[in-house]
Amino acid sequence: MAGPSLATQRKNKPATSGTTVVVEQDGSFAMPPSEAQSSPSSLNSIPMNSNAPVAVATVYRRHCGTSPFDKNWLNLDCCGLFCAGLTYFLHMYGCWAVCWVLLPPWMTYNDSNGIRHMSMNGNLHCLVFTGIAIMACVSHFNAMTTDPGAVPPDAKPLQPELLEEGEQQPDPLINSPGRNTNKRICRRCNSYKPMRAHHCSICRRCIIKMDHHCPWVNNCVGIGNHKFFLLFLFYTFVSCMYSSSLLIVRFIVCMKSNNVDSTSSLLGKHAGGRCLNDPKDLLPLIGLAVECMLFGLFTSCMIIDQWDVVASNLTHIDRLKGEYTNSSMFLDPATANGRPRLAGVHEVFGTPASSRREGFRLDWLAPFVRGTFPS
Numbered sequence: 001m002a003g004p005s006l007a008t009q010r011k012n013k014p015a016t017s018g019t020t021v022v023v024e025q026d027g028s029f030a031m032p033p034s035e036a037q038s039s040p041s042s043l044n045s046i047p048m049n050s051n052a053p054v055a056v057a058t059v060y061r062r063h064c065g066t067s068p069f070d071k072n073w074l075n076l077d078c079c080g081l082f083c084a085g086l087t088y089f090l091h092m093y094g095c096w097a098v099c100w101v102l103l104p105p106w107m108t109y110n111d112s113n114g115i116r117h118m119s120m121n122g123n124l125h126c127l128v129f130t131g132i133a134i135m136a137c138v139s140h141f142n143a144m145t146t147d148p149g150a151v152p153p154d155a156k157p158l159q160p161e162l163l164e165e166g167e168q169q170p171d172p173l174i175n176s177p178g179r180n181t182n183k184r185i186c187r188r189c190n191s192y193k194p195m196r197a198h199h200c201s202i203c204r205r206c207i208i209k210m211d212h213h214c215p216w217v218n219n220c221v222g223i224g225n226h227k228f229f230l231l232f233l234f235y236t237f238v239s240c241m242y243s244s245s246l247l248i249v250r251f252i253v254c255m256k257s258n259n260v261d262s263t264s265s266l267l268g269k270h271a272g273g274r275c276l277n278d279p280k281d282l283l284p285l286i287g288l289a290v291e292c293m294l295f296g297l298f299t300s301c302m303i304i305d306q307w308d309v310v311a312s313n314l315t316h317i318d319r320l321k322g323e324y325t326n327s328s329m330f331l332d333p334a335t336a337n338g339r340p341r342l343a344g345v346h347e348v349f350g351t352p353a354s355s356r357r358e359g360f361r362l363d364w365l366a367p368f369v370r371g372t373f374p375s
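Quick note on numbering: this note's numbering labels position 269 of the sequence shown as 269, and the sequence is numbered without any gaps.
Everything labelled a hint here was simulated from the structure, so no lab data went into it. Each hint should be verified, as a subset may be incorrect.
[Unchecked claim] Taking lysine-lysine pairs in the DSSO-like style, the calculated list, with each CA pair at most 30 angstroms apart, reads:
hint	residue 1	residue 2
1	K193	K71
2	K321	K156
3	K156	K193
4	K193	K321
5	K280	K256
6	K71	K156
[Said to hold, decoys possible] Ranges of calculated distance between the beta carbons of each label pair, as one might list FRET restraints:
hint	residue 1	residue 2	range
7	V128	F368	14 to 20 angstroms
8	C79	L158	35 to 41 angstroms
9	L365	I202	28 to 34 angstroms
10	R188	T108	55 to 61 angstroms
11	D111	G359	45 to 51 angstroms
Backbone N, C-alpha and C fix where the C-beta goes; we use that ideal spot for every residue, glycine too.
Required output: the full structure, derived from the provided sequences and hints.
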């Protein structure tokens, strides 16, 4: 396989799929086999450390995967992919049940030719509900395809001399009080394992600030995709509450507009039209109600649970292992008005380096914007 004349690259980012690379033990330099075979003496021209051992390895760079060599991050676990597909299906089902079953008999009018059209209110409800569902799906997709914070194989500990003004202040993501700062090696990855990094047996990587592996997003929830995971929970909860409100209001309107028994009231007429176009439409609405109840309750519980994680800046794994029990070490100094600002919120949603505002920003709710952090 042909390759460039000389490729100086990191070990976890090979340039070519399925190539043999010559690297130092620390992964500083690499060279494709075509160059080594055509000119064996060129190995002497590579600016390698003469004391570092040289390793030759063949790496395969898949289009999707979770290894350091894959192009795009995507867990290929069958259960996770099924749950992800089911999530998209349930959101599409909700859009269909609301926009094509619930609203047409309710918010429509007939023109002079007797043709039924959706009213302005009906179109507005369809547009808003579909937009919320799209935001939830985009958040889910980004949470699934974003690197949650996997540690590269050539990662090294933070050098104390690189800290500002020689101060050896503990980094919440790397060091912690009472723990030694020697290089830790993961027994499964056989690479450096920073503090607050935990190994995921499904992703087969060490993830920084890993909270848990969620099968619904088919990915670990870590420092890299925690924002997208929270936005997915938020927009899914809003979607469930929105459709539940429409169902409840529609049921009340139908019951008040018909003074007949419950069976005939479903097909009775009132000022807003028919309650249902067809008796068979009752089944999709029952399914929508069940979906809203189950996933609305689930996402509300998850939001409350995750808010505690964000506010305390302590993941569930950290608490289970008992390694970090003092959350005050992750709080920023008090602001001018005396209120402590939680660093965990800004660590998840990001804070622009040029901005001095510490309050809420609209880009926190945008799944298209990746969190930015001050350098």
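The hints, checked one at a time:
1. K193 with K71: Cα-Cα ~22 angstroms, so holds.
2. K321 with K156: 23 angstroms, holds
3. K156 with K193: Distance of about 9 angstroms is within 30 angstroms: holds.
4. K193 with K321: Holds, at roughly 16 angstroms.
5. K280 with K256: 22 angstroms, holds
6. K71 with K156: 22 angstroms, holds
7. V128 with F368: 14 to 20 angstroms: 18 angstroms, holds
8. C79 with L158: 35 to 41 angstroms: 36 angstroms, holds
9. L365 with I202: 28 to 34 angstroms: 29 angstroms, holds
10. R188 with T108: 55 to 61 angstroms: Holds - the Cβ-Cβ distance for R188 and T108, about 59 angstroms, lies within 55 to 61 angstroms.
11. D111 with G359: 45 to 51 angstroms: 49 angstroms, holds
Hint compliance for this structure: no hint is broken.
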